[in-house]
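A.B. asks: Using the sequences and the hints given, assemble the complete structure.
Each protein sequence line maps, in turn, to chains A and B. Note that the working numbering numbers the first sequence so that position 16 is 16, with each residue one more than the last. Note that the working numbering numbers the second sequence so that position 139 is 139, with each residue one more than the last.
Hints were generated in silico from the structure; no laboratory data involved. Just so it is clear, the structure is predicted and the values come from calculations on it, not from any experiment. Glycine is no exception: its CB is placed at the ideal position from the N, C-alpha and C atoms.
What the simulated footprint calls covered on chain A by chain B, stretch by stretch (three residues with Cβ under 8 Å from a Cβ of chain B suffice, anywhere in the stretch; the number is not a length):
1. 26 to 38
2. 96 to 107
3. 124 to 136
4. 216 to 223
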Amino acid sequence: MKNSNRILLIFCLPAFLLYSTFVLYPALGGFWYSLTNWNGLDPTYGDYVGFSNYKELLGDENFKQSLLFTSKYVIYMVILQNIIALLLAVIIESFEKTKNVFRTIFFFPNMISMIVGGFIWLFIFTRVFPYLADTIGLMILDESWIGNPQYSFYSILILSLWGSVGYLMIIYIAALQNIPKQLLEAARIDGASKLQINWHIVRPLIANSITIGVFIALSTSFKVFDQVYALTGGGPGRATQVVSLNIFSEAFAMQSRFGYASAKAVVLFVLILGITLIQLLVMKRKEVEM
Amino acid sequence: MRANILALIGKVVVIVFIIAASIFTLSPILLAVLNSLKTNGEIYTNILSLPEKIQWNNYIDVFQKTNYLRSLLNTFLLVLMSVSGIVFAASLAGYKLARTKTKLSGLFFGLFVMSMLIPFHSIMIGLVRVTHDLHVQGSLWGLAIVYVGIGSPMAIFLYHGFTKNIPKEIEEAALIDGCNEFQLYYKVVFPILRPITATIVILNALWIWNDFLLPLLMISDKNRYTLLLSTKMLFGQYTSDWSQILAILIMALLPIVIVYIFLQKHIVKGISDGAIK
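C.D. replies: The structure is reproduced here in structure tokens:
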């Protein structure tokens with residue numbers, strides 16, 4: 001073996017050892033378990049059952065429902081999170097003295113665990129909203145924000161946006177700050193309006209950051225867990241049960257069907273991988289065109 | 001004239017919007033603080049007003065009934081162990097991977113980067129099993145080494161990118177002066193990596209401090225609970241006793257708020273550096 005490779009191995013050993021034990025091995029194991037009927041109580045880790053878990057998945061209405069619910073959530077999140085973050089970034093960047101104050105405020109919820117944030121919002125939804133509805137007559141607030149699945153979708157959305165917009169905002173602020181000032185100055189002198197400058201100059205220059213922003217929003221919202229766990233616990237019934245929570249309860253809360261839950265986890269993995277790869281390819285190509 | 005009026009209206013709209021957004025962002029926290037200092041009766045009758053008499057008792061009760069300091073210490077130790085582990089393992093690997101141009105280094109780097117696409121929920125079942133079989137489940141150090149395994153790939157990626165942009169000449173000079181590989185790493189290279197190390201420390205400390213699911217799966221002993229685990233458990237116990245619950249939630253928030261106030265600039269910089277690379 002080459003000397004340089006031997007030194008490389010030594011340097012990579014600690015990271016690779018822990019990585020392969022706690023990421024690679026469980027990941028590959030997951031594929032194998034998904035082909036078995038292993039349940040949590042079985043010390044022998046179950047028997048090989050071929051693709052029967054996957055066949056069962058096709059007819060699993062609960063899982064389908066959770067996939068649909070998650071997809072709806074992802075679509076709302078990707079669009080709203082990016083639009084609001086970009087809007088805030090553009091506005092804040094146009095301020096001079098108060099720039100840092102607003103940045104600090106909007107990023108703040110991002111520091112908070114969504115478990116704690118979720119419990120605080122549970123207080124807002126179940127106590128403050130009904131109070132406001134009673135006292136100042138804001139009737140739109142007088143709904144069952146947690147108990148009615150139609151509304152609890154929006155409460156999960158509000159909590160998630162509240163907690164995550166600041167992160168993308170920081171990324172967009174950094175992108176805006178990287179635009180050379182002379183470019184904007186030149187356009188202004190040539191008589192371009194603010195909207196024209198934003199559309200024709202700023203937009204193409206931050207295209208790369210938008211790709212990153214959409215990627216982050218996609219991959220994090222597919223994996224949403226804490227927000228739903230804290231706010232609705234997936235209920236009422238299973239109405240707001242996102243995929244990650246569905247897998248979690250299949251494996252650790254209900255029947256401990258680890259094999260079947262692993263099949264669901266494989267589906268989630270393939271789904272996230274496929275969708276984010278398509279997104280990156282499409283948006284990278286668009287970036288070049290702009 | 002008309003253009004001036006339009007510009008003025010535009011400005012007012014923007015300012016109203018940004019102030020409304022700020023109120024929306026901060027009000028849940030402020031309302032939580034406000035009501036954590038009231039009695040339950042007062043929360044019921046007057047949720048928006050200032051407390052008639054400040055009820056420090058809520059906090060004293062929570063402090064006495066719970067293991068707050070213990071959970072705080074647990075969380076702090078967990079973050080400390082995990083982040084030092086990640087910095088140690090990932091800086092070694094990331095630096096050497098960037099400096100070695102062989103097939104093996106390409107393979108390693110590819111493996112690490114690829115794993116960043118695997119969602120946690122896809123490894124969690126296997127992880128519970130492997131940690132059980134290796135007897136690392138249930139302890140804080142066990143949890144910490146799992147975090148090192150999961151957190152290293154991203155940190156390796158960042159160290160790798162940073163190392164590529166520093167000139168090799170310094171290292172070559174040090175080798176000629178008689179340094180061996182390991183002296184070179186910790187006397188010369190590691191200090192140069194400091195800016196990216198700061199970013200990695202911030203990103204990982206925030207992630208692990210706020211991570212809920214992994215400790216939930218790995219820790220069952222109350223004495224080893226992290227802040228979030230004990231918060232969640234207490235939340236279940238105090239159903240609808242909001243004055244106490246809110247006090248618990250504010251106590252859980254407090255450390256991170258203090259850190260944010262003092263390190264705000266570094267945190268924001270770390271977040272944007274980490275995301276853009």
